[in-house]
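*Asks:* So the sequence lines, in the order shown, correspond to chains V, Y and D.
In this text, residue positions in the first sequence follow the working numbering: the first is 87, and each later residue adds one.
In this text, residue positions in the second sequence follow the working numbering: the first is 87, and each later residue adds one.
In this text, residue positions in the third sequence follow the working numbering: the first is -3, and each later residue adds one.
Check the hints yourself; a few may be wrong.
Far from chain D by the CB rule (all over 12 Å, computed), these chain V residues [unchecked claim]:
1) S98
2) A102
3) K146
4) F157
5) R177
6) Q313
7) K510
Below are the DSS-like pairs computed for lysine-lysine, each with C-alpha atoms no more than 30 Å apart in a straight line [said to hold, decoys possible]:
8) K221/Y with K200/Y
9) K299/V with K397/Y
10) K331/V with K437/V
11) K413/V with K318/Y
12) K347/Y with K413/V
13) K146/Y with K127/Y
14) K318/V with K432/V
15) K347/Y with K255/Y
16) K494/V with K432/V
17) K500/Y with K494/V
18) K493/Y with K494/V
19) K494/Y with K500/V
20) K494/Y with K432/V
21) K97/D with K391/Y
22) K112/V with K366/V
23) K493/V with K493/Y
24) K432/V with K500/V
25) K413/Y with K347/V
26) K493/V with K437/Y
27) K318/V with K439/V
28) K112/Y with K97/D
29) K500/V with K493/Y
30) K510/Y with K432/Y
31) K106/D with K378/Y
32) K124/Y with K141/Y
33) K397/V with K126/V
34) K432/Y with K503/V
35) K391/Y with K263/V
36) K299/Y with K299/V
37) K255/Y with K299/Y
38) K437/Y with K437/V
These are calculated hints, taken from the structure and not from any lab test.
Idealized CB from N, CA, C, for every residue including glycine.
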Amino acid sequence: GQTEEASKQSKSTGLAKDEYRNEAFKDLFPLHYESYMKNKKEEDTKYNGSVKRSKFEHDKEPYLPILFNGFGFATEYNEDRGHVYAAEDVRNIKRITDKSVGSCLTCKSTAVPKLIEEMGDDYWGANFNQVVWPKAEAMGHSPIGCSDCHDPQTMDLRITRPSFIEAMKTRGVDVTKATKNEMRSYVCAQCHVEYYFEPSKSKVTFPWAKGFKPEEMYAYYEEIGKQQGFEKDWIHNVSGTPMLKAQHPEFETWIEGPHGKAGVSCSDCHMPYERVNGKKKITSHYWTSPLKTIEQSCLTCHADKSEQWIKTRVDEIQTTHMEMLHKAEEVSVFAHYYVNKMITAKVDEVKIKAAQEHIRKGQWYWDIVAAENSAGFHNPQGTMATLSKSIEESNQAILIATEELMKKGIDVDKLKKEIEERMKAVYNEADPFKKKDHAITDSFPGQTPPPPAKK
Amino acid sequence: GQTEEASKQSKSTGLAKDEYRNEAFKDLFPLHYESYMKNKKEEDTKYNGSVKRSKFEHDKEPYLPILFNGFGFATEYNEDRGHVYAAEDVRNIKRITDKSVGSCLTCKSTAVPKLIEEMGDDYWGANFNQVVWPKAEAMGHSPIGCSDCHDPQTMDLRITRPSFIEAMKTRGVDVTKATKNEMRSYVCAQCHVEYYFEPSKSKVTFPWAKGFKPEEMYAYYEEIGKQQGFEKDWIHNVSGTPMLKAQHPEFETWIEGPHGKAGVSCSDCHMPYERVNGKKKITSHYWTSPLKTIEQSCLTCHADKSEQWIKTRVDEIQTTHMEMLHKAEEVSVFAHYYVNKMITAKVDEVKIKAAQEHIRKGQWYWDIVAAENSAGFHNPQGTMATLSKSIEESNQAILIATEELMKKGIDVDKLKKEIEERMKAVYNEADPFKKKDHAITDSFPGQTPPPPAKK
Amino acid sequence: MWKKLFSLDKKVLVVVFLFVGIVGTVATAETLSYTDSPEFCSNCHIMNEAHDSFAASTHANVACNDCHLPHDSAVNKLVFKAKAGMTHVYFNTLGSEKIPKVLHATTASKDVINKNCISCHEATIQNVSHDAKENCFDCHRDVPHGKATFKTKEFYEPLPSRTLLNRKGGF
Ligand SMILES: [Ca+2]
Ligand SMILES: [Ca+2]
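The following block holds chain V by itself, in its conformation from the complex (with noise of 0.2 Å):
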């Protein structure tokens, strides 16, 4: 009748507004709640998992090192793990300097809808470790939590980051007039996406305005970024070149695979009805791999299946995929090398630019696609494809290098097995923040230009 209906509408939790500390919602929420703080648990899979592992070791990426030399991703990185632990992981991470920016607190915390609200623009580029940190920590703020998601006072979903409003508004799309279904991957997208920090104010953007697809990104960086002034995120020590770094695109593979055209949310996947204490039946909020589920995330869809099969066929996906990763990884760790050695020899400027153009490309391939967290499955073949272009392109800077250093009488055979060795040498170092050092020798001095004079 029409009184439920007003009831239904003024109903509310009760909390202000802007709510941000988690704890505030439990009491309210108990069974949520309690599905939230399974988080904390750490469990691996095959190829993922919530451990927090050096993305180093030997069953990961043991070449990373070597392809983000000279940046903070060669120092620590780890498999993500819990939303319950950004905060605390962001906090620790040896990739934030005393020069990091607010930014980085952006999809950690959710004090930072509140922060953006009273420091405006200013949040973005304020230093993290003096100004950022200690504001959200003053205010209590939880990590990634229900206000993040959640309108506080009507549970509805809802888009707190503004720089994902902006960037679906490069591909012509208004978030408010977002179904339900939409919603549901929505949320997830104002974190699980790539993104850089837009040179004037450092603020956190998605590079989107051309497409989803990672050749569409890249045209991106190359005209929009480039105009801006954003011009790579770093200069690699072993080869020089001006680099850019991907990151978790989980959102922008989805969309553009199997799932994502067939409108298959990543709650569907990521946040299944589970039933709970007993009998009654909620949305889980244990974000974790769907392979530790698979009969809610999986078998309610593809209900002719067993979870054995599921299995299977993930692992049949996601170990075609690792193969060729790995491979595209080889080969561009050569292409540094290679140019490198064009460096040392004093090969023609042109050339060397050239080939470290073919570099940043063949790195953004294959790093848009290692960034990106389910070892392949939101999307098999168009990560495949990317794979395949990157190994063309690091390829092509190995032969331009090949050219001139065999013109200036360089011994490549004498190459290959050096550039083995560092691989050796950093596969071997059992300390996963030294194993970067091994990258550089007397043979292949670092490129890092060093700092600008202080002001």
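Using the hints provided, position chains Y and D with the ligands relative to the given structure of chain V.
*Replies:* Then chains Y and D with the ligands, alone, in the frame of chain V:
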């Protein structure tokens, strides 16, 4: 009752048990015969279809005349079309020479099982033009017809080509135990598979003992094939490489892909139930692109999708696929010419052999994908992975060549220009039969060895 | 007209008269219940796949029309039934050329079905509305017709000899 059951058991078409003429089935199964006759229709889809057009046309694979140079496939190779044309097409194709063997008829005529019965193992190696074709014609054979898949008396599905039965044995599968669902693919797998002529008897043989994947079939040829004395299909006229030719591995590709793994049979898509003659439902016997019958072929299972959605989705998959196939073919073209230059520059034999190994592998990997007839649809991820491997192998050949050519002081920039000229000449030649001739010039002399002296 | 009717399958004729009976006279409880049953629906050969897949499903013990007819009021049920029934009969007799190549539930059908899922499973969806998608069966794709492959048990067994021969005139 019992008598009804008994009469069912003894029920028969009344045809001879070795009937092989399609026309004999016409009056008994008019609806099926009529459906079969639809195979005469010639109608194209974006990447496939049934119009007899040269595969060398610009929208298909324009560089095949270079890539197959020295082999019949560079002379004439057409888009495949309806089963009713099989006999006519094998008779007219310029790949058939006076030396061709009976084995070439194996997948084209209903006379084959009878010929094998009569001639025993002599069938395979018997001369095609002189012996086998005249016999089949005298028998009044039909092109691929009812008896190839059905027992003429019981109409049970059956396997009539011994090569398939034997090859499945090497995979541990007894085809006499096949389920209904399996038979709906096995009847196709008698023909739509990779094969070679086992050298002792020229017998049609499927290289599956190590598995269905391209790498596994390659390993078969390297080990078992070579042990049998089967080293190559031909010597490449540009690079002098002993090559393997891949053929229509629809079955092998499908079985490793999403539909094969899910138990969706060839017939589900290519022989959907259709309503004929007002309302009777039969299994369609019009084998063609399912994109012409999306409603029946796809929407039975994908009921939540629209015809337009399916069209777009398949197009996305195929377009991604074809882009990378063309890339892999282009790199392969360059590899062949680089090695041609190694030969004329009299580079160290060992290096030439090493480069040729990569060429052979690189071409195998794109050819096993190009020879497959679904433009990637039957296994989107798997075919893409195979193309990556192809690109990497061909690049390895180019790299070895570059090192050696540079040592000899060859101008590789000029070489690249010359290669591009050859590609253009082949592309621009209007007559498909003459395209292959433009691959060879004074700077790139042919490498086909002279024919052995007559005995 | 009569000639055309008599050229039809006997079962279809029975059905035609049944529907005429329902629409034209007061329905007895028995006819109503029979016309709700799986046996009745599968009288039409074009309903075979729907029936076979259903029969092997978790919902084999409910009637077709527990899902396919509205249950909010007896009148609604009868009207929908007559309307749907007459379309089916029409297609199977006079309008056979227009029978769709593949059957799909109409939008009206889907709404009805969805309401029925909800009414049986009210308890399940109490805490969570399960309304993330338009229809329950957007997630529960295989309930009850096994959409993912649309294959029944017999596909996974060797086909008895002469089965195809017995279908020579179509099915
Ligand atoms: Ca993880
Ligand atoms: Ca064709």
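*Asks:* Taking the hints in turn, state whether each one holds.
*Replies:* Status of each hint after checking the structure:
1. Distance to chain D confirms S98/V as a non-interface residue, since its nearest Cβ pair spans about 18 Å, more than 12 Å.
2. In this structure A102/V is separated from chain D by more than 12 Å, as the shortest Cβ-Cβ distance comes to about 25 Å.
3. Taking the minimum C-beta to C-beta distance to chain D, about 33 Å, the non-interface status of K146/V holds against the 12 Å cut.
4. Every Cβ of chain D is farther than 12 Å from the Cβ of F157/V; the closest lies at roughly 40 Å, confirming the non-interface assignment.
5. With 12 Å as the threshold on Cβ separation, the claim that R177/V sits away from chain D holds: the shortest Cβ distance comes to roughly 34 Å.
6. No beta-carbon of chain D is positioned within 12 Å of the beta-carbon of Q313/V; the least distance is around 40 Å.
7. Non-interface status of K510/V relative to chain D is upheld: no Cβ of that chain comes within 12 Å, the nearest being about 48 Å off.
8. Note on K221/Y and K200/Y: the hinted pairing holds, with a Cα-Cα distance of about 11 Å set against a maximum of 30 Å.
9. As the CA atoms of K299/V and K397/Y are separated by approximately 20 Å, the hinted pair is consistent with the 30 Å bound.
10. A distance of roughly 23 Å separates the Cα atoms of K331/V and K437/V; the hinted pair therefore holds under the 30 Å criterion.
11. As the CA atoms of K413/V and K318/Y are separated by approximately 28 Å, the hinted pair is consistent with the 30 Å bound.
12. The suggested pairing of K347/Y with K413/V holds, with an alpha-carbon distance near 26 Å, which does not exceed 30 Å.
13. For the suggested pair K146/Y and K127/Y, the alpha carbons sit about 21 Å apart, so the restraint of at most 30 Å is met.
14. Restraint check: the Cα-Cα separation between K318/V and K432/V comes to about 24 Å, which is no more than 30 Å; the hinted pair holds.
15. The suggested pairing of K347/Y with K255/Y holds, with an alpha-carbon distance near 20 Å, which does not exceed 30 Å.
16. Annotation: proposed proximity of K494/V to K432/V holds, straight-line Cα distance about 9 Å (limit 30 Å).
17. Of the pairs offered as hints, the one joining K500/Y and K494/V holds, with about 19 Å between alpha carbons and a cut-off of 30 Å not exceeded.
18. Among the hinted pairs, K493/Y with K494/V is consistent with the structure: their alpha-carbon atoms are about 11 Å apart, no more than 30 Å.
19. For the hint linking K494/Y to K500/V, the alpha-carbon distance of about 19 Å falls within 30 Å, and the restraint holds.
20. For a cut-off of 30 Å, the pair hint linking K494/Y to K432/V stands: about 22 Å separates their Cα positions.
21. Among the hinted pairs, K97/D with K391/Y is consistent with the structure: their alpha-carbon atoms are about 15 Å apart, no more than 30 Å.
22. With a CA separation close to 17 Å, the supplied pair K112/V and K366/V stays within the 30 Å bound.
23. For the hint linking K493/V to K493/Y, the alpha-carbon distance of about 8 Å falls within 30 Å, and the restraint holds.
24. As the CA atoms of K432/V and K500/V are separated by approximately 18 Å, the hinted pair is consistent with the 30 Å bound.
25. With a C-alpha separation of about 26 Å, the suggested pairing of K413/Y with K347/V holds against the 30 Å cut-off.
26. Annotation: proposed proximity of K493/V to K437/Y holds, straight-line Cα distance about 19 Å (limit 30 Å).
27. In summary, the hint linking K318/V to K439/V is supported, as the alpha carbons are separated by about 14 Å, within the 30 Å threshold.
28. Among the hinted pairs, K112/Y with K97/D is consistent with the structure: their alpha-carbon atoms are about 25 Å apart, no more than 30 Å.
29. Restraint check: the Cα-Cα separation between K500/V and K493/Y comes to about 15 Å, which is no more than 30 Å; the hinted pair holds.
30. A C-alpha spacing of about 27 Å is found between K510/Y and K432/Y, which places the hinted pair at or below 30 Å, so the restraint holds.
31. Between K106/D and K378/Y the CA atoms are separated by roughly 28 Å; this keeps the pair inside 30 Å, and the hint holds.
32. For the suggested pair K124/Y and K141/Y, the alpha carbons sit about 23 Å apart, so the restraint of at most 30 Å is met.
33. A hinted pair counts as satisfied when its Cα atoms are at most 30 Å apart, and K397/V with K126/V qualifies at roughly 24 Å.
34. About 26 Å separates the Cα atoms of K432/Y and K503/V, which keeps this hinted pair within 30 Å; it holds.
35. Between K391/Y and K263/V, the direct Cα distance comes to roughly 23 Å. Compliance with the 30 Å bound is thereby established for this hinted pair.
36. Between K299/Y and K299/V the CA atoms are separated by roughly 28 Å; this keeps the pair inside 30 Å, and the hint holds.
37. Under the criterion of a C-alpha separation no larger than 30 Å, the hint pairing K255/Y with K299/Y is consistent with the structure, at around 17 Å.
38. Only pairs whose Cα atoms come within 30 Å are accepted, and K437/Y paired with K437/V is accepted, the gap being roughly 26 Å.
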